[in-house]
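S.K.: Given the sequences, and given the hints that come with them, work out the whole structure.
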Amino acid sequence: MGENNTFALKKAVLSAGVINKMTLELEAIMDFFHKSFFDQHKSFESQNLKTNSRKYWVDECGMNAAHFPS
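Plus 7 on top of the position in the sequence shown (first one is 1) and you've got our numbering.
Hints are computed from structural coordinates only; laboratory data are not their basis.
Here a beta-carbon is modelled for each residue, glycine too, at the ideal position from N, C-alpha and C.
There's no promise every hint is true.
Using C-beta positions, here's what the derived DEER-type ranges look like [unchecked claim]:
| # | residue 1 | residue 2 | range |
| --- | --- | --- | --- |
| 1 | K17 | D38 | 41 to 49 Å |
| 2 | I26 | Q47 | 26 to 34 Å |
| 3 | F40 | A19 | 29 to 37 Å |
| 4 | A23 | S60 | 50 to 58 Å |
| 5 | K49 | T13 | 36 to 44 Å |
| 6 | S60 | V20 | 30 to 38 Å |
| 7 | E34 | F14 | 26 to 34 Å |
| 8 | I26 | K62 | 36 to 44 Å |
| 9 | V65 | D38 | 35 to 43 Å |
| 10 | V65 | F45 | 53 to 61 Å |
| 11 | L16 | I36 | 39 to 47 Å |
M.R.: Have a look at this one:
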């Protein structure tokens, strides 16, 4: 009877280890995609800000567009 309990306990611990490993792998995949999406979003915002800044200086302040880097 004690051997069956030991076997069941070992099986439960092994299953928990496999689930834990899968959870860690899933978290790593999610982190990768989240960071990738965040970097793309940040890049888009940066480009948008640069475009809007140029538009502000040229249109609102009357700066010569030829002298303003794009």
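S.K.: Which of the numbered hints above does this structure break?
M.R.: Result: hints 1, 5, 6, 8, 10 and 11 break, sorted rising.
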